[in-house]
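Student: As you go down the protein sequences, you meet chains A and B in turn.
Following my numbering, the numbering of the first sequence begins with 68 at its first residue and continues without gaps.
Following my numbering, the numbering of the second sequence begins with 13 at its first residue and continues without gaps.
Worth flagging that the hints you see were computed from the coordinates, not collected in a lab.
Cβ atoms here follow ideal geometry from the backbone N, Cα and C, with glycine treated the same way.
Any given hint could turn out to be false.
Claimed, not checked - Derived DSS-like pairs: lysine-lysine, alpha-carbon spacing no greater than 25 Å straight-line:
#, chain 1, residue 1, chain 2, residue 2
1, B, Lys132, A, Lys265
2, A, Lys199, A, Lys257
3, A, Lys132, A, Lys120
4, A, Lys204, B, Lys104
5, A, Lys204, B, Lys103
6, B, Lys104, A, Lys137
7, B, Lys103, B, Lys132
8, A, Lys87, B, Lys27
Stated by the list, open to error - Covered, in the sense of this in silico footprint (three residues per stretch, anywhere, with C-beta under 8 Å from a C-beta of chain A), are these stretches of chain B:
#, region
9, 48–56
10, 165–179
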Amino acid sequence: MNRKVNTRANLTRYLYDNYKEFFLPFGIFVVSLLIFINFTLPQIKNLLDLDAKIKLQNEKLQVMKDNLNKLSAMDSSTLESQRTISSRALPSDKDFAGVLNAVSQAALKSQVILGDYGFEVGDIKKIESDVKYPGFKLTLDLVGGPQEMQRFMEELYKTVPISEVIAVKSSPDSSQVTAIFYYKAEPPVKIRNDVPVKMISKEGSIMLSEISTWTNAQAESALIIPPIPSSGERSKSSPF
Amino acid sequence: MSSNINLVSVIKDEKARQKNRVKIARIASIAFLAAVCLSSVIIFIINAFSPLQSILKDQDVAKKNLSLIEQKHASLDILNGRLNGVLDISKKRKDYTHIIGVIIQQIPPGTNISSLSIDKSGLSLAASSNSLSSINDLINNMKTLSVKKQTLENIDMDSLIVDPPTGNYSVSFRATLL
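Next up, chain A with everything else stripped away, as it sits in the complex:
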């Protein structure tokens, strides 16, 4: 045991005596290596990525500047009125008053007498966000045959809010039209400055000018809005 300890001590002594002058250069080398690994290498990596980073940030800056120019060039009041027009065409919730006014305006313009009507609404507060374009059904009785019904439908398609006639029945004296009135809940607006702002498309502009010519029942109607019948229930007398 003593011999072993002595041998190890002797070896250490021998190494120290012969190589002690190398300790300082070796220490400096190790420290230099640590500095190189921890500080220099990451900076070199940064430098290599710098070009790509500059390019990316430059592109983002360009997008921001473009967005700024485009949005600054837009007139706030025009934009707001366009938004109002489009929101009337496709409301964000179940706009019963708007629908009733639209129906009565379409009837007035097509010179058709309305009879009974019935909503199929469901939960009036519930907004179906899982459906892309939710809507509620309205069944209307009209006095008149196919031609009157056709005139009424033409006017209804040119009236806000947007609707789709899904079924019609007609006899010489009376007709029935079933239409869906659509709405769409407003999703939360997520504004990202580094994404190019989407301007109104050509198709959108054409549609906007078209819906701005549609009858806006809310603006035109001076009618008294009749009380809304309960869900699924048909009213007993014509409100129009």
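Starting from the structure of chain A, add chain B where the hints point.
Tutor: Positioned in the frame of chain A, the structure of chain B alone reads:
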């Protein structure tokens, strides 16, 4: 004696070589340290004076300016969303007015539409007339419409009824929408 002299010389040579090795090791280690430090400083300076910093500053200015017109951006997003919705619905909705117009055009004078109904499953039409010739014209018109396949297809004649006391003819059709 000569061997002793030779031994001293060997030891001296060994010490000189050792000294030389130490010298080389010291110079190499200091050179390496200097190279690492110098390269770090140079790279730091390049990074610090790169145009990236000025681009980031410009971005901050642009972000501040954009935040002032955030309301416009939001309005534009909503407007686009609504317009896309209206476009989608307009494209998918069926134009029953056109179908009714086409059907009315096929009705010859002296013939009345008894009933007309259209839904997604198709169209059904019943018409009546006192004149067999008018009913014949209607059947021919519907046949032409079926061949054209522009609005309706698979037009079937459901029934043709004659009521002898009144002399009234009734015909009914079924068709699927295109």
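Student: Would you mind marking each hint as holding or not holding in the structure?
Tutor: For each hint, the structure was consulted:
This hinted pair does not check out: B:Lys132 and A:Lys265 have alpha carbons roughly 36 Å apart, beyond 25 Å. Only pairs whose Cα atoms come within 25 Å are accepted, and A:Lys199 paired with A:Lys257 is accepted, the gap being roughly 19 Å. In summary, the hint linking A:Lys132 to A:Lys120 is supported, as the alpha carbons are separated by about 18 Å, within the 25 Å threshold. A hinted pair counts as satisfied when its Cα atoms are at most 25 Å apart, and A:Lys204 with B:Lys104 qualifies at roughly 17 Å.
For the hint pairing A:Lys204 with B:Lys103, the CA-to-CA distance comes to about 19 Å; that is within 25 Å, so the pair holds. The suggested pairing of B:Lys104 with A:Lys137 is violated, with an alpha-carbon distance near 32 Å, which exceeds 25 Å. For the hint linking B:Lys103 to B:Lys132, the alpha-carbon distance of about 16 Å falls within 25 Å, and the restraint holds. A hinted pair counts as satisfied when its Cα atoms are at most 25 Å apart, and A:Lys87 with B:Lys27 qualifies at roughly 14 Å.
Closer than 8 Å: that is the beta-carbon criterion, and the region 48–56 of chain B has 6 residues meeting it against chain A, so the requirement of 3 holds. Remark: the region 165–179 of chain B is not confirmed as covered by chain A, as 0 of its residues place a Cβ nearer than 8 Å to a Cβ of that chain, below the required three.
The structure does not agree with the numbered hints 1, 6 and 10 stated previously, though it agrees with the rest.
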